[in-house]
Amino acid sequence: MFRLPSPAVDALPAQKTYEQFFFVQKYAFATVGIDPTSLKRTICRPLFLALPLVAIMTVLGPAFLYAGTCAVDLNEVAKILTPILQCILAIVKITLFVAQRKEIVQLVRKVWYWNLEANIEELKILSEENRYDQRITGFYYCSVIVSGTMATLLPFIIAGFFAWKGQSFWLSLHPPFKGVYLMDIHETYIGFIFAFVWDVLAIYCAVNASLAIDSLFSWFMRNIVALYRILELRFRMTAKSNALNEYTEEQFKKAIGECVKYHVRVINLTESFNEVYKNIVFFKFLISCVQIAFIVFQFPNTKEMATHMMNVSFMISLSTQLMLYCHGGQKIKDMSTSINSTIYECFQWSDISVNSKKLLLLPMIRSQKPCYFTGIFFVADLNLFVWVFKSAGSFLTMMLSMYQEDD
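Sequential numbering from 1 applies to the sequence shown in our numbering.
Keep in mind that the hints were calculated from the coordinates and are not lab data.
Treat the hints loosely; a few may be bogus.
What the hints assert, rightly or not - Below, in silico cross-link-like pairs of lysine-lysine (DSS-like), each with a Cα-Cα straight-line distance of 30 Å or less:
id, residue 1, residue 2
1, 261, 124
2, 240, 253
3, 240, 254
4, 278, 331
5, 333, 369
6, 357, 390
7, 254, 102
8, 331, 124
9, 26, 40
10, 357, 40
11, 165, 26
12, 254, 124
13, 102, 333
14, 390, 261
15, 254, 333
16, 357, 333
17, 303, 124
18, 331, 102
19, 110, 303
20, 278, 369
21, 240, 358
22, 40, 102
23, 253, 102
24, 369, 358
25, 278, 357
Based on the sequences and whatever the hints tell you, model everything.
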């Protein structure tokens, strides 16, 4: 059983009702030697990060060389490049995280300490949103693990099928990533075992790097949504207290001012998170378009049932991954603009002084401009989810026409 690293010197304070919801993220990062909550010891197990990262980088060369030798067979190229693109994406994600680890860890800690300030009612909102995140990331975790396991076992299944057809099991057996190597890996068992284990390390890195970065994104998203819901709750409670004449004019202004400050904090947090994640989002959606096209292209052109099962599993993981980003971005966009209607609906405007109305106009005006999560050139929302599949369909059409011309 994999053990989590021992707590860092600057470990976050425990919160029993909340800490359990961060388990998937913490576990996924621990598998690649990272503690996303510690500033002093972010890379807590360097070997856990370095060895799989070197493995995933070194499988790219042989794989691209093999793809070059199969350039005339577009279906074979699609089979090779589908997992290789995921490896490239994993390298980009983990590299960008390491480069910006200080900023990302500071945001994690800021959200954590901020949530410790929540009262009982606010904690219910936080628990509800994090419980939702736990279910989604739990499903995503299972789907990615299944895809990684199938990628590891698929060579044996295919070799077994050819052996059943009367061909050599040994010569039909290939590592998870087919490649052009410096030696014939089928000459000795040691050479094949080394290549196979090295590929498994690459799969390990691709799986866990994706799980870590994507699940952390989902955790941020759900907590920012919770903070917007808490802001709405505070405005409603302020309006209710004022309607019951529990505030003097000065107390009412002070309560509104506290809500406005909270609003500004949430907006700043959203913008800071967007700043550190926008490059990851950009590469994620750019590569996903090509991946989807490659996967769908294989369905009518591949006969092996095991390959189809692998591609279905991969497509489920990929679609879930895309939805984590798009649904979260859409939710933030909607929640940031809903503040305007919440303020308008919950206050008795005829009973409020002119000065208090002016204070309330500040968050109302600001919330008319939605907060976005971007991928440099595009906004992460449900429209982007549709755009990815449309773009993949266009690329797929081009591939099919090229394949038919070759035939």
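Evaluated hints:
Taken as a hint, the residue 261 and residue 124 pair is honoured in the structure, with Cα atoms around 22 Å apart against an allowance of 30 Å. At roughly 14 Å between alpha-carbon atoms, residue 240 and residue 253 fall within 30 Å of each other, so this suggested pair holds. A distance of roughly 15 Å separates the Cα atoms of residue 240 and residue 254; the hinted pair therefore holds under the 30 Å criterion. Distance restraint check for residue 278 and residue 331: the Cα-Cα separation of roughly 17 Å lies within the 30 Å cut-off, and the hinted pair is therefore satisfied.
Under the criterion of a C-alpha separation no larger than 30 Å, the hint pairing residue 333 with residue 369 is consistent with the structure, at around 9 Å. As the CA atoms of residue 357 and residue 390 are separated by approximately 46 Å, the hinted pair breaks the 30 Å bound. Proximity of residue 254 to residue 102 is assessed by CA-CA distance (about 35 Å); at most 30 Å being required, the pair is judged violated. A hinted pair counts as satisfied when its Cα atoms are at most 30 Å apart, and residue 331 with residue 124 qualifies at roughly 19 Å.
Taken as a hint, the residue 26 and residue 40 pair is honoured in the structure, with Cα atoms around 16 Å apart against an allowance of 30 Å. Restraint check: the Cα-Cα separation between residue 357 and residue 40 comes to about 46 Å, which exceeds 30 Å; the hinted pair is violated. Distance check on the hinted pair: residue 165 and residue 26 sit about 46 Å apart at the alpha-carbon level, beyond 30 Å; violated. At most 30 Å may separate the alpha-carbon atoms for a hinted pair to count; residue 254 and residue 124 meet this at roughly 25 Å.
For the proposed pair residue 102 and residue 333, the alpha carbon gap of about 26 Å is at most 30 Å, so the pair holds. The suggested pairing of residue 390 with residue 261 is violated, with an alpha-carbon distance near 41 Å, which exceeds 30 Å. With a C-alpha separation of about 28 Å, the suggested pair residue 254 and residue 333 falls inside the 30 Å cut-off, and the hint holds. Taken as a hint, the residue 357 and residue 333 pair is honoured in the structure, with Cα atoms around 25 Å apart against an allowance of 30 Å.
Simply put, residue 303 and residue 124 have alpha-carbon atoms about 51 Å apart, too far for the 30 Å limit, and the pair is violated. For the hint pairing residue 331 with residue 102, the CA-to-CA distance comes to about 26 Å; that is within 30 Å, so the pair holds. For the given pair, residue 110 sits about 51 Å from residue 303 by alpha-carbon distance, which is inconsistent with the 30 Å threshold. Proximity of residue 278 to residue 369 is assessed by CA-CA distance (about 19 Å); at most 30 Å being required, the pair is judged to hold.
Of the supplied pair hints, the one linking residue 240 and residue 358 holds, its CA atoms being roughly 19 Å apart against a limit of 30 Å. Between residue 40 and residue 102, the direct Cα distance comes to roughly 9 Å. Compliance with the 30 Å bound is thereby established for this hinted pair. The straight-line distance between the Cα atoms of residue 253 and residue 102 is roughly 37 Å, outside the 30 Å bound, and the hint therefore fails. For the suggested pair residue 369 and residue 358, the alpha carbons sit about 18 Å apart, so the restraint of at most 30 Å is met.
With a C-alpha separation of about 36 Å, the suggested pairing of residue 278 with residue 357 is violated against the 30 Å cut-off.
Consistency with the previously given hints fails for numbers 6, 7, 10, 11, 14, 17, 19, 23, 25, ordered from lowest to highest.
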